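2 protein chains.
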Amino acid sequence: MAIPTTPPSGLRDFLPDQVASRSRAVETITRVYRSFGFEPVATAAIEDLAVLQGLGGGENEKLIFKIMKRGEALERAAAEKSELADLGLRFDLTLPLARWYSKHGSQLPHPFKAFHLGPVWRAERAQKGRYREFTQCDVDIIGSDSWGAEVEVITAILAVFGAFGLQGVKVHLNDRGLVDQALAAAGVPEEKRGAVCVSVDKLDKIGRDAVIAELVASVGRPAADALVKTLLAEGGVAADPLDKIIAAVKALVPASTIAVDPSLMRGMGYYTGPVFEFRHPSLSGSLGGGGRYDKLTEKFGGPSTPACGGSIGFERLMLILEETGKAGGRSAPDAVVTVFSDELRARSLEVGAALRAQGLSIDVYPGTGKLKAQFKYADQKKAGYAIVIGPDEAGRGVMQVKALATGQEQALTLEEARALIAGKR
Amino acid sequence: MAIPTTPPSGLRDFLPDQVASRSRAVETITRVYRSFGFEPVATAAIEDLAVLQGLGGGENEKLIFKIMKRGEALERAAAEKSELADLGLRFDLTLPLARWYSKHGSQLPHPFKAFHLGPVWRAERAQKGRYREFTQCDVDIIGSDSWGAEVEVITAILAVFGAFGLQGVKVHLNDRGLVDQALAAAGVPEEKRGAVCVSVDKLDKIGRDAVIAELVASVGRPAADALVKTLLAEGGVAADPLDKIIAAVKALVPASTIAVDPSLMRGMGYYTGPVFEFRHPSLSGSLGGGGRYDKLTEKFGGPSTPACGGSIGFERLMLILEETGKAGGRSAPDAVVTVFSDELRARSLEVGAALRAQGLSIDVYPGTGKLKAQFKYADQKKAGYAIVIGPDEAGRGVMQVKALATGQEQALTLEEARALIAGKR
Chain A
1 MAIPTTPPSG
11 LRDFLPDQVA
21 SRSRAVETIT
31 RVYRSFGFEP
41 VATAAIEDLA
51 VLQGLGGGEN
61 EKLIFKIMKR
71 GEALERAAAE
81 KSELADLGLR
91 FDLTLPLARW
101 YSKHGSQLPH
111 PFKAFHLGPV
121 WRAERAQKGR
131 YREFTQCDVD
141 IIGSDSWGAE
151 VEVITAILAV
161 FGAFGLQGVK
171 VHLNDRGLVD
181 QALAAAGVPE
191 EKRGAVCVSV
201 DKLDKIGRDA
211 VIAELVASVG
221 RPAADALVKT
231 LLAEGGVAAD
241 PLDKIIAAVK
251 ALVPASTIAV
261 DPSLMRGMGY
271 YTGPVFEFRH
281 PSLSGSLGGG
291 GRYDKLTEKF
301 GGPSTPACGG
311 SIGFERLMLI
321 LEETGKAGGR
331 SAPDAVVTVF
341 SDELRARSLE
351 VGAALRAQGL
361 SIDVYPGTGK
371 LKAQFKYADQ
381 KKAGYAIVIG
391 PDEAGRGVMQ
401 VKALATGQEQ
411 ALTLEEARAL
421 IAGKR
Chain B
1 MAIPTTPPSG
11 LRDFLPDQVA
21 SRSRAVETIT
31 RVYRSFGFEP
41 VATAAIEDLA
51 VLQGLGGGEN
61 EKLIFKIMKR
71 GEALERAAAE
81 KSELADLGLR
91 FDLTLPLARW
101 YSKHGSQLPH
111 PFKAFHLGPV
121 WRAERAQKGR
131 YREFTQCDVD
141 IIGSDSWGAE
151 VEVITAILAV
161 FGAFGLQGVK
171 VHLNDRGLVD
181 QALAAAGVPE
191 EKRGAVCVSV
201 DKLDKIGRDA
211 VIAELVASVG
221 RPAADALVKT
231 LLAEGGVAAD
241 PLDKIIAAVK
251 ALVPASTIAV
261 DPSLMRGMGY
271 YTGPVFEFRH
281 PSLSGSLGGG
291 GRYDKLTEKF
301 GGPSTPACGG
311 SIGFERLMLI
321 LEETGKAGGR
331 SAPDAVVTVF
341 SDELRARSLE
351 VGAALRAQGL
361 SIDVYPGTGK
371 LKAQFKYADQ
381 KKAGYAIVIG
391 PDEAGRGVMQ
401 VKALATGQEQ
411 ALTLEEARAL
421 IAGKR
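Protein chains in written order, with the working numbering: chain A, 1 to 425; chain B, 1 to 425.
Fair warning: there could be bad hints in the mix.
In silico DSS-like links for lysine-lysine, alpha-carbon gap of 25 Å or less [to be verified]:
#1 A/Lys370 - A/Lys382
#2 B/Lys202 - B/Lys229
#3 B/Lys128 - A/Lys103
#4 A/Lys81 - B/Lys229
#5 B/Lys244 - A/Lys62
#6 A/Lys299 - A/Lys103
#7 A/Lys295 - B/Lys202
#8 B/Lys202 - B/Lys128
#9 B/Lys376 - A/Lys103
#10 A/Lys370 - B/Lys326
#11 A/Lys62 - A/Lys170
#12 B/Lys192 - A/Lys244
#13 B/Lys244 - A/Lys382
#14 A/Lys81 - B/Lys128
#15 B/Lys81 - A/Lys376
#16 A/Lys370 - B/Lys128
#17 A/Lys402 - A/Lys376
#18 B/Lys382 - A/Lys103
#19 B/Lys62 - B/Lys192
#20 B/Lys81 - A/Lys128
Think of the hints as simulated: they come from the structure by calculation, not from any bench.
A quick note: this is a predicted structure, and the numbers were derived from the prediction, not measured.
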């Protein structure tokens, strides 16, 4: 059987420039979240299936990558025809955070402001721009029922977009409580409310008329008419706490656009109050979102703890940064030291180490090629300089330093080379 | 069923200080690897089982976390009693890198110097200090058969230990080629060579006499005597390329201790030449290791490509840094802005945003507690200052700024507060 060189469907390899861009973006997000007083949290990629299933993960629960039991436990499960999997890869960071907080909350400041960055996995049908492993960048405030928590989460995420120079981000805001009121007022029976929410949530994708048609088919004309006036109302009607959140965000981020969108649902079943979503004109989907989930930690047996959090769609953010030329992460060495011959390799290694000790980034050519191939290597690595130490230079205690942009070359001592290379960084 | 709040066996949660320490360590490792001209590479956590199995992963192949097929494919596999899993979590970073290089090598500089950081997973029996998810930090040079590649890999890893101020690291070095020669010279039959290597590799754990007893039982007295003179020779006998590697490393890292250790085996089946391991007096196991694996990429159908790489045992490194008090990662905010009342929350949020815009790290209290609880919060977060804005301060356009270490308090304007807080960072 041929061994595949491409990653499995929906999974990705990254080339050096991409890794550098992604790392730099993670650093920016971390810096901004920290500047708001959020503290870093980390959990393992693998959770018990009991943590991932049945706690309100919505459609994502169907997308869990399940890990098979091992050894005797697997054999026993196969013989008994019982569940073959016991673990799963996390599909979001909220459920692991709720578990983490339930375990460690008593040691933490109260309320607790967390940020949590890392990969999550979903067995989605692979399609363009949808991946089976992707990074999430969450901020959460656990233990506060104040609208101030929503304001901090939303403004921290807006500050991240601001730090990347991203313009035109719009915040859509709704309240799950208001949605429930509207559904009750329209007389929508309990068992149809999920379907109504799914229809209304598709407003941006399929348009107003198609949503109304779905509503009529689902709950009949009178209820649909009532819902059009509430969940599909243009502009919406803000009530406490949404109006306070909107006023504060507008005061804090003057360039921001934030408005009530009664059709906004967000998929997760664990949301209980305000929900929000970030949109950008260049994307059809969202650039992130979040909401209040006051009941989640009590499912782990602890006391009821109000909580609110948001997440940045890291992959979509990277897409926008790449398209607008703002991703630029590149890590070229300052210089490549060539290797004249195997006898002189030790000398090149010594020069490399000596320049590195002065704080420079120095690549010593690791192979055995001719000098021409080594200069090509230095070009490919986008190094500023190539250094040659032949028998003559080694004897005189100097090196030939060539600026790759201009082709200018000169024989320099170590100290002169250091000064030249450091000066042009 | 109670939902667990502890992570599954062998998996870990991290508290904020630990996450900060680990992130800082990853930054240091990245900086040092980059200073040698290594370029960052990333691959997904999940690989096809065909990539993980049968390519020389040794004992680790038995420890793969296997991911179940999904949907119809799973039903079909169950009905046909065929393989239920199609994917697995990577157990090291070398096999994914070899796949990655086989796919992308033609776009890269040649030779290619890669570094690759990330979690790997092994279904080990959980025990103290052994985890099922842990971080690896690899450097590799692909496409060079020169001993210079080993020198760059070993010195880059020693430079990482040096950057952490770690003293007393010793490099053990051996050559799989020499091992094969010694086994052949002693007349050890092919099928017993694996067992002999496993016995010899236990020298540090069970002692010389116990190893000799195992050898006698396995291959008889005459062959065991011959192996004692080669694989168990004290100090060993260096030959090309080991002697060149040792001389160069000693010249480049004067404080280093590097010596041939004929009993060093390293578990992976894919090693073909020099192998090495880093040890520290405070650890019974190794702090990292690596070797030459010239045949690995050809298993992916490409041309034979010489390669050599090494890995830092990140979890053990963190253990040493924590024990020696060198881990210190902490991210306290510069100040906590308290919230006097819900009416004045917007004012506190504004002050927080204004101070952040000046480059400070400012936590606005996100809850609704009394001022006393808010001061306790500021203490727990190890903030430098707490800021209070009551109705009086709000009216006068000032804020009370309290230094938490001294208790000293003064009414300051925004600009005065900024200068005070920034000065004491």
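Evaluation of the provided hints:
no. : hint                : result
1   : A/Lys370 - A/Lys382 : holds, 19 Å
2   : B/Lys202 - B/Lys229 : holds, 17 Å
3   : B/Lys128 - A/Lys103 : holds, 20 Å
4   : A/Lys81 - B/Lys229  : violated, 56 Å
5   : B/Lys244 - A/Lys62  : violated, 57 Å
6   : A/Lys299 - A/Lys103 : holds, 12 Å
7   : A/Lys295 - B/Lys202 : violated, 53 Å
8   : B/Lys202 - B/Lys128 : holds, 20 Å
9   : B/Lys376 - A/Lys103 : holds, 21 Å
10  : A/Lys370 - B/Lys326 : violated, 44 Å
11  : A/Lys62 - A/Lys170  : violated, 30 Å
12  : B/Lys192 - A/Lys244 : violated, 76 Å
13  : B/Lys244 - A/Lys382 : violated, 30 Å
14  : A/Lys81 - B/Lys128  : violated, 33 Å
15  : B/Lys81 - A/Lys376  : violated, 54 Å
16  : A/Lys370 - B/Lys128 : violated, 51 Å
17  : A/Lys402 - A/Lys376 : holds, 13 Å
18  : B/Lys382 - A/Lys103 : holds, 22 Å
19  : B/Lys62 - B/Lys192  : holds, 21 Å
20  : B/Lys81 - A/Lys128  : violated, 34 Å
When each numbered hint is compared with the structure, violations occur for hints 4, 5, 7, 10, 11, 12, 13, 14, 15, 16 and 20.
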